[in-house]
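Peer 1: Next come the chains, spelled out residue by residue.
2 protein chains.
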Amino acid sequence: MNRSSSTKERILGAAEVLFAQRGFDGASLRQLTTAAGVNLAAVNYHFGSKEKLVEQVFRRRLDALNAQRLAALAKVREAGNGRLEDALDAFIRPALELSHEDSGSLFMRVLARAFAEHDDSLRQFLSENYGHVMRQFTAEFARLLPHLTKEELYWRIDLVTGALTHAMSGFGMIQRKQDVSEGAHREQTIQHLIRFAVAGLTHP
Amino acid sequence: MNRSSSTKERILGAAEVLFAQRGFDGASLRQLTTAAGVNLAAVNYHFGSKEKLVEQVFRRRLDALNAQRLAALAKVREAGNGRLEDALDAFIRPALELSHEDSGSLFMRVLARAFAEHDDSLRQFLSENYGHVMRQFTAEFARLLPHLTKEELYWRIDLVTGALTHAMSGFGMIQRKQDVSEGAHREQTIQHLIRFAVAGLTHP
DNA sequence: GTCTATAAGATGATAGAC
DNA sequence: GTCTATCATCTTATAGAC
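Protein chains in written order, with the UniProt record's numbering: chain Y, 1 to 204; chain P, 1 to 204.
Everything labelled a hint here was simulated from the structure, so no lab data went into it. Be careful, since some hints might not be right.
What the hints assert, rightly or not - Below 27 Å or equal to it, Euclidean Cα-Cα: the simulated DSSO-like pairs (lysine-lysine) are:
1) 150/P - 177/Y
2) 177/P - 150/Y
3) 75/Y - 150/Y
Stated by the list, open to error - These stretches of chain Y come out as covered by chain P in the derived footprint (C-beta under 8 Å, 3 or more residues):
4) 23-31
5) 161-171
Note that the coordinates shown come from a computational prediction; the quantities given were computed from them, not determined experimentally. Where is the CB? At the ideal position from N, CA and C, for every residue including glycine.
Required output: the full structure, derived from the provided sequences and hints.
Peer 2: So this is what it looks like as structure tokens:
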């Protein structure tokens with residue numbers, strides 16, 4: 001059994017937790033390797049640098065998320081006369097499912113940090129690797145809302161994205177109540193978001 | 001003429017810029033005092049610590065913003081049978097005006113960082129000092145949307161807040177075009193947001 | 001692949017002269 | 001109020017033994 005992959009995974013897991021809690025600069029390699037139970041030098045050995053490690057933390061979650069989104073969108077398309085609700089579901093559900101996973105909420109905080117950082121190299125990385133997903137969804141929304149000008153459509157998609165981002169981030173005031181299961185709460189969030197987005201996208 | 005207030009102001013200005021660009025941890029007192037053209041020791045002399053300086057950077061903008069919001073809300077109330085659009089305008093306009101000011105967009109990035117930090121002491125500071133504003137607006141929305149349950153209303157306000165936050169942050173894909181003036185673009189954003197929010201709040 | 005030891009440098013805070 | 005000098009501590013990265 002090769003220990004290297006286990007070491008890599010342990011580092012990635014610890015990095016996600018610590019980047020969420022303390023930020024990319026705030027989490028030191030010392031804290032990180034200690035938490036992962038590996039040697040201080042292991043990060044540079046396995047990833048090359050701290051920055052490459054950050055990139056891998058993103059890839060691990062976002063590759064899966066965007067594959068799910070595109071697969072769901074493809075299903076909506078091939079089903080023929082898709083409804084707006086279904087396209088929105090394809091866009092929203094994988095994202096919210098990720099954000100409600102055990103370590104997913106941690107990752108959401110990592111993502112929020114990345115956006116707040118406003119770091120161009122990181123933004124470029126995200127746009128290069130996942131920009132095509134947004135473009136495919138925009139094209140589908142344009143097909144389903146043919147009465148809107150491009151300008152108007154972009155505005156509305158932008159605001160939907162804002163609402164989704166906010167819901168994923170967990171910053172809002174809505175907290176899951178004790179008598180509601182995790183899964184039920186997620187489904188509630190998805191349904192609220194979809195109805196809200198449909199109203200916002202289709203109003204005259 | 002007392003130089004101390006000028007030194008304090010120069011520090012606050014430089015801090016806002018550098019906190020936005022590099023984060024609270026990322027901006028060192030050395031970079032900060034150099035940019036402000038003051039001595040390294042001046043921050044600790046005038047503010048006590050780096051953390052107290054951060055607090056003052058927030059106060060300078062948020063005290064003004066929330067006073068404007070409450071004044072606008074009071075006007076809507078005293079005008080009698082207010083419309084939902086007017087209450088939303090009171091909530092949204094001061095925020096978006098701040099975010100479009102010269103140094104306002106910088107401050108928005110500072111604010112985004114604070115949320116991403118998820119730092120409890122900072123969140124507590126914000127909630128203690130400005131939480132009553134949100135409560136007053138929620139009460140007004142409840143009055144204007146009596147058919148919604150409290151539960152449903154909270155969800156929808158939360159999603160509106162998400163869209164507003166996103167619009168303020170400037171993360172979105174919508175960029176001002178060259179042939180549109182700064183003021184016209186801001187007004188466009190406000191109108192899009194209000195119409196989107198009205199649709200999202202009132203849908204059946 | 002993993003370890004220790006250490007290089008080379010930045011950081012927040014403060015003491016004390018002016 | 002402002003300055004310099006410095007403390008104690010932290011950081012990333014690497015060299016070299018095992």
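Peer 1: Determine for every hint whether it applies to the structure shown.
Peer 2: Quick rundown of the hints versus the structure:
no.: 1; hint: 150/P - 177/Y; in the structure: 14 Å, holds
no.: 2; hint: 177/P - 150/Y; in the structure: 14 Å, holds
no.: 3; hint: 75/Y - 150/Y; in the structure: 25 Å, holds
no.: 4; hint: 23-31; in the structure: holds (count 3)
no.: 5; hint: 161-171; in the structure: holds (count 9)
Hint compliance for this structure: no hint is broken.
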